[in-house]
Amino acid sequence: MNKSLLKQMLNYFSKVYHIGEIIKGVKDKRLKPQIKITVISFTVLIGFMLQIPSFNRLEYWIKKGKFKKLLPRKTKMPSIDAVRYCLDRIEIDSLNNMHRSIIKTAVENKVFRNGTIDGYKVAAIDGVELFESTKKCCEECLTRVVSGVTHYFHRSVVCMTVGSDPHIILGEEMLKPKKDGSNKDEGELTGGKRLIRRLHEEFNHFADIVVADALYMKAPWIRELLDLGIDAVIRVKDERLGIVKEATALYKCLKADREWIVSPKGRKKIKVTAWDKSDFEMTGLEDTVRFVKFVEEIHHGNKFEEKEVWIVTTNKSIAVETLWKIIHRRWDIENNGFHQLKGEWNLDHCFLHSSSGVEAVLTFMMMAFNLMQLFFFRCIRNFRERKLLQVNIIEDLRDELILYCNINPIMMNTS
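First residue of the sequence shown? That's 0 in numbering that gives the first Met the number 0, and the numbers climb one at a time after it.
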């Protein structure tokens, strides 16, 4: 591995995404702090980029002086208690402004110039549970009772680009606990509506198509997207729905509209047959929707499997082959997002449990994840073709942080 990889990464973030400048906009509510918020924010961000497993590990890195190489000389480093205290009082809006700046710069740099799937910019939306406890709680905790025991947890709705590298988290929205006499916590659909409205305000046309699972097969959700000029592609599973009964009855009498072969790498081959009509009525919507039924014959060596997938979409003109790709790439938010964040980025670890601390940590982790994805796929040449592993690159960066001393600080002057 090139010995200058760490320097390359830091210079890329400094010159392209101006991290040293935009981090100056982060604010907190501490009175007369001894450690500047910029130093704490930079330390936490780099820590999450290098996939720290806990704040105890971050404390060890700070004590060993690993971050001093990245900051101006004589910069006073924080204790881990100061980090926790600061994150508990950080202004979330200022963090969101920093995240917004990173996304806007990525757009300006034409990261999504060719779309993510067949020329369309596709984003998936889904909910993720962060962590749970039967002992620790805060005023923003959601609750559920299991066998008479109350479990406290936090949940967020996330929107992420899917289809091609890099996969970028566009935003997240924390779900709110039950308030004002309500006996239920806020649902994922409510948080999802709030998220897409905010993303539209911040980035205007943030996606051409939003793909979602069967939970989002609701007319109010589809109307919300249409009002923003965005098409929906939604998985359908409930056989009791009128539109499903109508479509299945109709398609039994009709020949398939399209048939093609997909040959992924290896011995696997998929024969896809599609029935596709665009004039189905859906209760609560003024316009008709398109209902597509896919039957997949999956051949893998001597093994054979058949699957059936139904989708509803508001887009009447997109190719049915592209719709098939979109509904399958919806899983990117799970595989390239949540699974990776929990398995490698320690998303399910409770770094800090407080009403604002949880969201602050999640936002820092989200920014760190995005920046590293941009570094992997926009700065390291042929990252995917060379079959490089992200976890190996990050391990090399951690090693280099210890050994490599001749790095010009990319942090702003903190004096």
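Keep in mind the hints are simulated off the structure, nothing from the lab. Quick caveat, the model's predicted, so the values are computed rather than measured. Ideal Cβ positions, reconstructed from N, Cα and C, are used throughout, including at glycine. Be careful, since some hints might not be right.
[Unchecked claim] Calculated lysine to aspartate or glutamate pairs in the DMTMM-like style (CA-CA distance at most 25 Å, straight line):
1) Lys306 - Glu238
2) Lys73 - Glu128
3) Lys244 - Glu128
4) Lys236 - Glu185
5) Lys192 - Asp80
6) Lys178 - Glu139
7) Lys315 - Glu343
8) Lys6 - Glu384
9) Lys73 - Asp92
10) Lys177 - Glu238
11) Lys315 - Asp256
12) Lys109 - Glu384
13) Lys236 - Glu201
14) Lys14 - Asp395
15) Lys135 - Glu185
16) Lys341 - Glu139
17) Lys109 - Asp256
18) Lys251 - Asp207
19) Lys306 - Asp286
20) Lys67 - Glu20
21) Lys268 - Glu280
22) Lys251 - Glu201
23) Lys192 - Glu128
24) Lys276 - Glu258
[What the hints assert, rightly or not] Ranges of calculated distance between the beta carbons of each label pair, as one might list FRET restraints:
25) Lys75 - Lys178: 27 to 35 Å
26) Glu384 - Lys6: 21 to 29 Å
27) Arg56 - Lys251: 43 to 51 Å
28) Glu107 - Lys251: 48 to 56 Å
29) Lys28 - Leu388: 39 to 47 Å
30) Lys178 - Lys251: 47 to 55 Å
31) Ile91 - Leu253: 19 to 27 Å
32) Lys270 - Glu394: 35 to 43 Å
33) Ala218 - Trp330: 22 to 30 Å
34) Lys386 - Lys177: 27 to 35 Å
35) Asn334 - Thr247: 40 to 48 Å
36) Val148 - Arg196: 32 to 40 Å
Hint-by-hint comparison with the structure:
1. Lys306 - Glu238: 15 Å, holds
2. Lys73 - Glu128: Violated - the C-alpha atoms of glutamate 128 and lysine 73 are around 41 Å apart, more than 25 Å.
3. Lys244 - Glu128: 33 Å, violated
4. Lys236 - Glu185: It holds: about 23 Å lies between the C-alpha atoms, which stays within 25 Å.
5. Lys192 - Asp80: 36 Å, violated
6. Lys178 - Glu139: The given pair, whose Cα atoms are some 10 Å apart, holds under the 25 Å limit.
7. Lys315 - Glu343: 39 Å, violated
8. Lys6 - Glu384: 23 Å, holds
9. Lys73 - Asp92: Violated. Lysine 73 to aspartate 92 sits at ~30 Å, over the 25 Å cutoff.
10. Lys177 - Glu238: 31 Å, violated
11. Lys315 - Asp256: 15 Å, holds
12. Lys109 - Glu384: The given pair, whose Cα atoms are some 21 Å apart, holds under the 25 Å limit.
13. Lys236 - Glu201: 33 Å, violated
14. Lys14 - Asp395: 22 Å, holds
15. Lys135 - Glu185: 20 Å, holds
16. Lys341 - Glu139: Holds, at about 21 Å.
17. Lys109 - Asp256: 36 Å, violated
18. Lys251 - Asp207: Distance of about 32 Å is beyond 25 Å: violated.
19. Lys306 - Asp286: Given that 25 Å is the threshold and the Cα spacing comes to 29 Å, the pair is violated.
20. Lys67 - Glu20: Holds, because 18 Å separates the two Cα atoms, which is no more than 25 Å.
21. Lys268 - Glu280: Roughly 35 Å between the alpha carbons, so the hint for lysine 268 and glutamate 280 is violated.
22. Lys251 - Glu201: Not satisfied, since the Cα-Cα distance of roughly 45 Å exceeds 25 Å.
23. Lys192 - Glu128: 18 Å, holds
24. Lys276 - Glu258: 15 Å, holds
25. Lys75 - Lys178: 27 to 35 Å: The hinted range 27 to 35 Å is violated for lysine 75 and lysine 178, with Cβ atoms some 41 Å apart.
26. Glu384 - Lys6: 21 to 29 Å: This hint holds: roughly 24 Å between Cβ atoms.
27. Arg56 - Lys251: 43 to 51 Å: At roughly 59 Å between Cβ atoms, lysine 251 and arginine 56 fall outside 43 to 51 Å, so the hint is violated.
28. Glu107 - Lys251: 48 to 56 Å: 50 Å, holds
29. Lys28 - Leu388: 39 to 47 Å: 40 Å, holds
30. Lys178 - Lys251: 47 to 55 Å: For lysine 251 against lysine 178, whose Cβ atoms are near 48 Å apart, the range 47 to 55 Å holds.
31. Ile91 - Leu253: 19 to 27 Å: 52 Å, violated
32. Lys270 - Glu394: 35 to 43 Å: Because 41 Å falls inside the window, the suggested range holds.
33. Ala218 - Trp330: 22 to 30 Å: 25 Å, holds
34. Lys386 - Lys177: 27 to 35 Å: Because 47 Å falls outside the window, the suggested range is violated.
35. Asn334 - Thr247: 40 to 48 Å: Distance hint for asparagine 334, threonine 247 is violated at roughly 30 Å.
36. Val148 - Arg196: 32 to 40 Å: 36 Å, holds
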